[in-house]
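I would like the entire structure built from these sequences, with the hints used as guidance.
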Amino acid sequence: MLRLIIIKKSRLTIIFFVFIFGISFLLTLLLREPRVKLGENYIYCNPRAKINLKKHYQINLWDYKWPISETSISYSEYLKRAIRGFQKLYPNVEVKFQLLDFLSGPAELDQALKSNNAPDIYCSAFRIPSFNFARQIPVGFYLSKADCSIYLPNAINNSKYQGTLCYFPRWIAPGFWIGNQSLVESAGLSITKIQNNGWSWQDLKETGKLIGKDKYLLVGNLGINGLLPQLMANSGKDFTLSKVDDIKKLNLSIDFMDQLVQAHLIPPDCDQKMYERFLRGQVMFLGGIRPASNRMIYKRLRNCRADWQPVLLPIPTRVPGEKTLITEDSVIAIYRNKRTNGDDHLAVAVKLGQFLSCYPEITPWENLMVCPANKALFYQWIQNQGPNRNLYNGLPKWDRFHNLRPLPVEPFKLYSVVNDFVAQKISAAEVKIQLSQK
28 MLRLIIIKKS RLTIIFFVFI FGISFLLTLL LREPRVKLGE NYIYCNPRAK INLKKHYQIN
88 LWDYKWPISE TSISYSEYLK RAIRGFQKLY PNVEVKFQLL DFLSGPAELD QALKSNNAPD
148 IYCSAFRIPS FNFARQIPVG FYLSKADCSI YLPNAINNSK YQGTLCYFPR WIAPGFWIGN
208 QSLVESAGLS ITKIQNNGWS WQDLKETGKL IGKDKYLLVG NLGINGLLPQ LMANSGKDFT
268 LSKVDDIKKL NLSIDFMDQL VQAHLIPPDC DQKMYERFLR GQVMFLGGIR PASNRMIYKR
328 LRNCRADWQP VLLPIPTRVP GEKTLITEDS VIAIYRNKRT NGDDHLAVAV KLGQFLSCYP
388 EITPWENLMV CPANKALFYQ WIQNQGPNRN LYNGLPKWDR FHNLRPLPVE PFKLYSVVND
448 FVAQKISAAE VKIQLSQK
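Numbers 28 to 465, taken from my numbering, label the letters of the sequence shown in order.
Possibly wrong hints are sitting among the right ones.
To be verified - In silico DSSO-like pairs for lysine-lysine, Cα to Cα no more than 27 Å straight-line:
#, residue 1, residue 2
1, K92, K82
2, K92, K424
3, K141, K81
4, K350, K300
5, K378, K115
6, K64, K236
7, K107, K240
8, K232, K220
9, K77, K378
10, K424, K187
11, K242, K92
12, K365, K141
13, K107, K123
14, K82, K365
15, K172, K242
16, K365, K123
17, K236, K220
18, K141, K92
19, K232, K459
20, K350, K187
21, K64, K378
22, K107, K77
23, K378, K141
24, K64, K187
25, K82, K378
26, K123, K82
27, K107, K424
28, K402, K424
To be verified - Ranges of calculated distance between the beta carbons of each label pair, as one might list FRET restraints:
#, residue 1, residue 2, range
29, N143, Q410, 42 to 52 Å
30, S213, P414, 17 to 27 Å
31, G66, S99, 14 to 24 Å
For the record, the hints were derived by calculation from the structure and aren't laboratory data. Small disclaimer: the values here were computed from a predicted structure and weren't measured. By construction, the Cβ of each residue, glycine as well, lies at the ideal position given by its N, Cα and C atoms.
See below:
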């Protein structure tokens with residue numbers, strides 16, 4: 028009898044502990060904050076959260092002071108229009124925006140992320156900010172395949188981190204050099220072939236042998252986003268983002284530039300008189316500049332009635348046959364911060380970020396000569412590109428877009444070192460040492 032009572036008590040004890048464990052497990056599932064996995068890390072957010080139309084939301088947005096000219100509206104007014112368009116869909120959403128300075132903006136974002144005071148939405152300028160595991164929300168978890176299909180595929184690829192779409196692609200600034208069409212064709216180069224299939228460092232070097240004694244092959248900006256970073260970005264697609272590979276790319280690019288310098292194909296005052304020389308027809312290629320400068324060059328050539336035409340060409344690659352287009356990108360990032368009021372608040376920020384990335388007014392991007400990442404807007408934008416329409420129309424066919432990363436060197440130091448190198452005041456070996464040091 029005693030044994031029977033002990034057995035019954037043991038069974039009751041087991042049932043009791045199983046019951047408690049089950050309740051605890053269910054409570055854990057119910058109370059655990061939703062999360063998604065990015066690589067080996069977890070991001071706490073709920074992509075299924077719904078926007079509450081009866082709740083008031085306040086969203087903070089950071090963008091930049093884009094100097095759009097020759098338009099009827101300022102960039103601030105453009106942004107206000109876009110926000111009003113969103114508020115017609117979600118009248119319960121209040122949006123406050125701040126326009127950043129281009130020089131200080133990235134540092135302001137870094138500081139805001141450290142203090143948990145980042146904006147809900149950040150629109151970048153010419154660069155993709157590093158992914159922040161503590162604060163950033165990967166937007167891809169909120170989107171369907173159909174949502175992603177409205178963007179250029181290579182723009183989507185540039186906006187991914189660890190295989191997941193983490194930013195909304197907004198626009199891309201293609202990395203082109205401007206060529207003197209008359210000099211390019213006289214050297215026997217096929218402009219159409221280069222525009223469609225790309226070309227190599229070796230092609231560029233061989234072209235230098237055919238240029239006249241009173242001409243130069245290449246001039247350009249020597250700054251943080253200039254000739255050297257462009258060559259580094261096109262030094263080979265098999266490199267990783269490691270510091271070791273960065274040094275390899277740096278060394279390869281400096282060695283190639285040194286060949287051009289030693290052959291007197293780059294003038295010693297390459298940077299200072301680059302526009303003047305190019306406009307006078309004394310240089311075959313002008314590189315290291317952003318698309319907005321193209322507009323200025325085209326306008327000045329029309330005004331001076333030059334007897335030659337400018338032509339846009341992709342930046343040459345070290346490895347022949349690689350169809351890699353160097354780009355500088357604007358993306359839209361979503362952040363959690365100390366003002367975030369639930370997962371539905373994040374859902375609002377994601378929805379607004381998506382809306383801004385596809386807003387149909389393209390006047391600012393036409394003025395800045397950057398390509399919208401949204402497919403429909405991209406093909407609309409192409410229609411106003413005149414003689415370069417076919418070139419831009421072929422961009423989606425390139426194998427990949429590669430985002431230009433500024434060298435991790437203080438800008439003034441980079442300019443000074445490369446400028447002295449081109450002027451042959453220091454050797455290629457000295458450049459490698461100075462730019463490899465922190």
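### Task
Go through the numbered hints given earlier and state which of them the structure violates, listing their numbers in rising order.
1, 2, 3, 4, 6, 7, 11, 15, 27, 31
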